[in-house]
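Just so you know, the sequences run in chain order A and B.
Okay, so the first sequence: first residue is 10 according to the numbering used here, each after it adds one.
Okay, so the second sequence: first residue is 10 according to the numbering used here, each after it adds one.
Heads up, a few of these hints could be off.
No copy is singled out in the list; a pair is fine if it fits within one copy or between any two copies.
As the list claims (entries may be wrong) - Calculated pairs, DMTMM-like style, for lysine to aspartate or glutamate (alpha carbon to alpha carbon, straight line, at most 20 Å):
#, residue 1, residue 2
1, Lys-22, Asp-364
2, Lys-287, Glu-146
3, Lys-341, Glu-53
4, Lys-83, Glu-146
5, Lys-287, Asp-150
6, Lys-207, Asp-170
7, Lys-174, Asp-157
8, Lys-174, Glu-234
9, Lys-337, Glu-55
10, Lys-229, Asp-182
Since the hints were derived computationally from the structure, they do not count as laboratory data.
Residue strings, one per chain:
There are 2 protein chains.
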Amino acid sequence: MTFQIGIGPNLRKSAYFNATVRDGVSSFSVYNHMLIPGNFGDPEAEYDRLINGVAMWDVAAQRQVQLEGPDAGKLAQLLTPRNLSNVRIGQGRYVPLCDHDGWVINDPVLLKLSDDCYWLSVADSDIHLWATAIAHERDLDIQVSEPDVSPLAVQGPKAVDVAAKLFGEQVRDFKYFGFVQMDLDGIPLVLARSGWSKQGGFELYLQDSSLGEALWDKVKEAGAEYGIGPGAPNDTERLESGLLSYGADMRLQTHRANPYEMGFGGLVDLEGHDFIGKAALAQTAAVGAKRQFIGVTINGTPTPPGHQVSLMSGSETVGYISEFAFSKRVGKTIGIGLINSDHVGADVPLSIFADGKNHAAQITSVPFI
Amino acid sequence: MTFQIGIGPNLRKSAYFNATVRDGVSSFSVYNHMLIPGNFGDPEAEYDRLINGVAMWDVAAQRQVQLEGPDAGKLAQLLTPRNLSNVRIGQGRYVPLCDHDGWVINDPVLLKLSDDCYWLSVADSDIHLWATAIAHERDLDIQVSEPDVSPLAVQGPKAVDVAAKLFGEQVRDFKYFGFVQMDLDGIPLVLARSGWSKQGGFELYLQDSSLGEALWDKVKEAGAEYGIGPGAPNDTERLESGLLSYGADMRLQTHRANPYEMGFGGLVDLEGHDFIGKAALAQTAAVGAKRQFIGVTINGTPTPPGHQVSLMSGSETVGYISEFAFSKRVGKTIGIGLINSDHVGADVPLSIFADGKNHAAQITSVPFI
């Protein structure tokens with residue numbers, strides 16, 4: 010089943026849109042109301058580049074919600090259960106955001122640019138609206154905006170060589186989530202050691218969308234000797250690495266989950282700062298999570314259906330698998346999802362239904378690799 | 010330029026997804042994180058059915074934000090500048106929502122189901138997050154949720170015949186935006202006289218997504234004698250009719266606008282109730298809107314680029330055209346957009362740039378038909 014995407018004015022185009030079209034993008038998805046490349050026509054080669062070489066991805070749809078003003082730090086801290094007191098300028102953090110009932114509403118990376126300016130590099134929900142509402146309702150002295158920032162990811166084991174060639178050898182010493190403001194031949198950007206893969210790499214937060222094609226071409230040129238090629242956030246690699254995807258693995262409106270269920274309860278600080286959802290999460294912590302984040306291996310090679318599937322114990326639904334895919338490296342079909350906690354050690358056979366039949370599933374730890 | 014859409018678990022599938030695939034959907038867009046059909050392979054026939062016959066559209070992506078509880082009416086009223094004091098149960102209203110600075114953040118239809126229960130049938134932004142934040146920050150006694158509701162639109166001059174056949178002759182007397190809770194052979198739904206076209210019609214708010222295909226087929230069968238066929242919200246018709254599209258015509262993050270600029274300042278009630286954005290809108294009303302919503306006719310038949318274009322006066326940008334298309338009925342290329350107010354009566358030549366050259370544009374009133 011393949012369908013075209015209707016490209017109309019309601020979908021935003023990325024700063025790299027023209028460059029990706031020129032370089033052969035085949036499919037798009039939509040993320041934060043913006044077109045994001047899905048693949049460039051050769052998914053196997055794109056996976057291999059990510060695992061063994063270097064890939065470049067248009068991830069401009071990972072929009073920035075900028076908090077700017079004297080109360081920027083105060084608002085950032087209110088929005089997340091994670092304690093930010095030790096975050097320094099030039100550091101990033103993975104910061105789940107929760108609503109007042111403790112449900113996850115996004116899981117951005119926070120970048121502290123200055124004491125008065127933070128970015129939330131957001132997953133697919135309108136945190137701009139959320140942060141605006143909280144800021145105004147609490148009379149905070151702050152501006153919430155979406156600045157002209159378009160991340161370009163360079164990912165894979167050779168990404169560091171490409172970054173070193175572009176920005177200098179010192180980038181090899183960057184710590185994970187560390188970032189600096191740079192200028193690349195007149196192109197303003199924030200260079201961060203980060204990205205939505207576990208293969209290592211950098212994200213170039215371009216700060217002038219009119220220079221998208223120029224930046225794309227510089228990265229492409231510098232990466233040529235390392236075999237760089239275009240690609241996109243990779244579902245198989247993210248499953249192997251156990252990386253979460255807000256919207257796929259959980260979403261407030263349809264399959265909500267809290268941080269304890271999703272496996273990052275360790276980031277919740279109930280002892281320190283005040284934050285939205287604190288009372289609800291304290292209660293959850295006291296009674297224990299009712300569901301648990303798991304990996305599964307699945308017998309056979311069922312076709313991924315493009316949506317969640319129920320995780321069954323006989324005829325009983327005991328959880329869901331958000332996404333699964335065959336992993337060449339694992340040598341099996343792997344998936345991630347949530348299961349009712351009382352079924353974790355139950356030692357009963359589990360299965361999913363796909364391609365018209367049941368496939369046995371076995372719980373396993375995450376990451377797979 | 011055509012591209013595939015990557016259908017993954019991050020994009021929700023509508024209750025009618027299987028039915029639309031079976032009936033030949035060709036392209037999708039994404040709206041409220043859900044796939045929405047774009048066309049079924051024959052745009053001209055789909056337009057003609059809407060104008061002269063009857064069309065059925067999967068508009069389940071028009072999600073409902075449900076406000077339920079003793080403070081439901083209070084919250085609904087806080088969220089919109091429009092005065093809701095005279096809205097009765099069973100009535101709908103077009104209710105722009107604004108942020109604290111008076112910028113439009115969505116323009117839903119509000120449905121009052123009971124004194125304690127309202128739906129906001131929302132355009133493409135996460136009003137669920139916005140309403141949740143406001144409700145909690147103001148300690149309102151209310152639950153915000155997304156219920157299992159999937160609108161199916163039946164639009165066109167013969168839509169009323171199809172609805173009468175399905176639901177009885179009394180539907181011919183329904184007032185615009187009037188609705189009732191119905192049961193169609195065991196399928197629970199809210200039947201409303203509404204829809205995103207000016208050709209007349211109904212929206213069937215299905216209340217059990219497992220019955221999507223059953224409802225689709227009942228409508229298809231009842232409409233057969235009237236030549237019903239599948240379609241989708243139609244860009245050309247909406248331009249002819251001057252219907253707004255949040256996301257295309259304005260969006261908070263990228264091209265924000267206020268109600269006065271967008272031409273619905275008449276809905277703003279500054280004298281009565283308290284609402285979010287009131288102070289900012291009072292100030293805007295006092296000084297006058299800096300921009301004005303306009304229609305334009307455009308010389309020639311330039312290719313719609315799938316994004317906004319600048320409206321130029323010589324080399325000066327004086328506004329933007331959100332979308333344009335050739336209208337058979339008008340006999341011209343038509344568009345809508347915003348222009349700086351001081352250029353409205355300026356009697357200087359305007360133009361847009363498309364297909365590599367300038368095309369003269371003339372301001373005109375909206376709707377075009």
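Outcome of the hint check:
Within a single copy, Lys-22 and Asp-364 get their C-alpha atoms only as close as 35 Å, which misses the 20 Å cut-off; across copies the closest is 18 Å, which meets it. Taking the shortest Cα distances, Lys-287 and Glu-146 sit within 20 Å of each other both inside one copy (18 Å) and across copies (14 Å). For the identical chains of this complex, Lys-341 and Glu-53 are intra-copy neighbours only, at 16 Å inside a copy versus 47 Å across copies, given an alpha-carbon limit of 20 Å. In this assembly of identical chains, Lys-83 and Glu-146 lie within 20 Å of each other by CA distance both inside one copy and across copies; the values are 14 Å within and 16 Å between.
Taking the shortest Cα distances, Lys-287 and Asp-150 sit within 20 Å of each other only across copies (19 Å), while inside one copy they are farther apart (23 Å). Taking the closest pair of Cα atoms, Lys-207 and Asp-170 come within 20 Å of each other only inside a single copy of the chain (16 Å); across copies the shortest separation is 58 Å, beyond that limit. For the identical chains of this complex, Lys-174 and Asp-157 are neighbours neither inside a copy (26 Å) nor across copies (53 Å), given an alpha-carbon limit of 20 Å. Taking identical chains as interchangeable, the C-alpha atoms of Lys-174 and Glu-234 lie at most 20 Å apart only when both belong to the same chain, with a minimum of 11 Å there against 68 Å between chains.
With identical chains, the CA atoms of Lys-337 and Glu-55 are at most 20 Å apart within one copy only, with a shortest distance of 13 Å there and 45 Å across copies. Taking CA atoms no more than 20 Å apart as the test, Lys-229 paired with Asp-182 passes in neither setting, with 23 Å inside one copy and 64 Å between copies.
The structure fails to meet hints 7, 10 from the earlier list, while all remaining hints are met.
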